[in-house]
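Quick note, the sequences are listed as chains D and S, same order. The first sequence: position 309 = 309 (UniProt numbering), numbered continuously. The second sequence: position 343 = 343 (UniProt numbering), numbered continuously.
Check the hints yourself; a few may be wrong.
The list treats identical chains as interchangeable, and a pair is accepted whether it falls inside one copy or across any two copies.
Computed cross-link-like contacts, DMTMM-like style, restricted to lysine to aspartate or glutamate with a CA-CA straight-line distance of at most 25 Å [claimed, not checked]:
#1 K345 - E90
#2 K345 - D119
#3 K277 - D348
#4 K277 - D256
#5 K294 - D18
#6 K345 - D54
#7 K345 - E358
Bear in mind the hints are in silico, worked out from the structure with no lab data behind them.
2 protein chains.
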Amino acid sequence: MPLGARAYDIVIAPDAIDSAGARLAAMFPGARYGIVTDDNVASAQLPRLAASLDAAGLAHSEILVPAGEASKSWGHLQTVVDAILAARLERSDILIALGGGVIGDLAGFAASIARRGMDFVQIPTSLLAQVDSSVGGKTGINSSHGKNLVGAFHQPRLVLADLAALETLPPRQFAAGYAELAKYGLIDDEDLFFWLEANYPEIQAGGPARGEAIARACAAKARVVAEDERETGNRALLNLGHTFGHALEKATGYSDRLLHGEGVAIGMVLAHRFSAKLGLAPSQDAGRVEAHLKNAGLPTTLADIPGDLPPTPVLMDAIGQDKKVSRGALTFILTRGIGRAFIEKNVDPQTVATFLEEIR
Amino acid sequence: MPLGARAYDIVIAPDAIDSAGARLAAMFPGARYGIVTDDNVASAQLPRLAASLDAAGLAHSEILVPAGEASKSWGHLQTVVDAILAARLERSDILIALGGGVIGDLAGFAASIARRGMDFVQIPTSLLAQVDSSVGGKTGINSSHGKNLVGAFHQPRLVLADLAALETLPPRQFAAGYAELAKYGLIDDEDLFFWLEANYPEIQAGGPARGEAIARACAAKARVVAEDERETGNRALLNLGHTFGHALEKATGYSDRLLHGEGVAIGMVLAHRFSAKLGLAPSQDAGRVEAHLKNAGLPTTLADIPGDLPPTPVLMDAIGQDKKVSRGALTFILTRGIGRAFIEKNVDPQTVATFLEEIR
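Could you build all of it, start to finish, from the sequences and the hints given here?
As structure tokens, then:
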């Protein structure tokens, strides 16, 4: 990740957790470690990480939070920060986020504000975290007003993506992460999207294409973030599908009804369909995107979400509260076709509301 | 405040609040404003600020918190951030901190994490905030583990120090701010300290020397912060008196028993006495410092604090939890005499404990 003095490595390997101890010992002499993880990851991966740190003689303590998006809350943020202080971790010590996107966002934000900022390391164990949330420094929690509305830009010092951890990932979680992976193709790299279509069986089965896909996604994200760390410009392209997606996540209470990646999958299809409706993009591209995401086990329409959704005005309210708003006008990531996304800052809210009514 | 792209002006004037509207309108075209303030300042100064913003045609909403250090809490942080989001303030809008150090620390931290960071303006109305906390970008709240242990470095876009606001400041609050002012002389400018001794009556009475003293303090702080924004080196000198002071504040429950500046006053005297005991500084300097701070209406010894203090091991525990700790060794700001403070990173905890026992 090329960010000048704050540049960091992204290691993608089957044994990234097992070799973590040796790597950390070399990078941070004398540091102690706090490991933030959740119940699920604790049983699956924490023993591997603890063994690796023990073998390298590194002192560590654990901070457990419940699994699930609901842990990105004020209450759990305070719990993690208090645990950091209670463990007397100092500015020169290291917080490790071991888990999926929720753990990375929560632990990274806690690291950014504990003692006004301590270093942290991402060890993403979900596909979503490996291809997206662990890279780029966005951290945060959710608010009753919307998702990720409270947080900080805080870059990790190192990202260790462990491919073995993906072997135990439930298929639904794998699919949710795949939505973010496919996103990089849709934004500005149609060759990547076509390659993903062709190689999806091998990626899904865990062959060599899986590691290659993750590396290509990380490289794509690093390139965008390096050019615009604070999202004053093109970094917003990474939000393709996210404005619709965040509103749907809010409408479903950030619950298991709709995982983040699932909301993004629906949101990306809607962004393509909305762009087609505006005459910006060919509608067959929207169909091709939807077909591939559906093939990858993802929901692609509002009807795919179990249970009732709130009325359109409530969805529009959530869209208006998204961070991607400036001076009242709605900003959307629209597209001219696969691999040709762009930022549109002057989207008329009424046009969006009409579109949402039409597709319900 | 020279910080490259994040440089900002510090305006010190009798009518800084009254001219705020015109100044802000010129700096931030199109922005809306959220004003964070407390009950006390709301009655004394909010009408002036509201009138100034109204006259310039600037939209604003108010976010009120109770007066006092207890507002630097997780609960009030959440309240302020939620109010920012509920008011739909956007990244391009401006949060104004109108009040003393508590308001500046709390509002600045809220601004740093709302929507991952929005701009804010400091309008300090206490002497302490004008000479110290409003300048330099340290923001935060207190934790049950200690003071300012949760926070962020977030520089304001502008500081407006209103001299008229000091006219209504209670004498005890003025004295507490004066401790931080005198600190700049004690750190590295004996001429400033001697000038403060000579001009104290005029500073206290509100003559022209008061504005000059505030300007000299801000210039001193800006110089230190510009060289070391993130406190990896000499910025720690600004913590002179603060390690002892923070421990005493914690011991008195962050209450009216001991204001922050009062804790710093006692802490600075203790830092001088401790340095003298170690043979580093002449003991007559400690006496001179104590005499001047006492003359300015400040407490200077543990016995000056009303009520009982906890036993020395409890104070030592608080000292050990202070942020200025590295790898277990205690870091103190010690001195070789007035204007000759330095950072000592290897202070033996037992020596400090023995010193505290001797002076009780």
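To see whether the hints hold, each was checked on the structure:
no.	hint	in the structure
1	K345 - E90	between (42 Å within a copy, 14 Å between copies)
2	K345 - D119	between (35 Å within a copy, 21 Å between copies)
3	K277 - D348	within (14 Å within a copy, 72 Å between copies)
4	K277 - D256	neither (31 Å within a copy, 63 Å between copies)
5	K294 - D18	neither (35 Å within a copy, 60 Å between copies)
6	K345 - D54	neither (51 Å within a copy, 29 Å between copies)
7	K345 - E358	within (23 Å within a copy, 67 Å between copies)
Going through the hint list in order, the structure does not satisfy hints 4, 5, 6.
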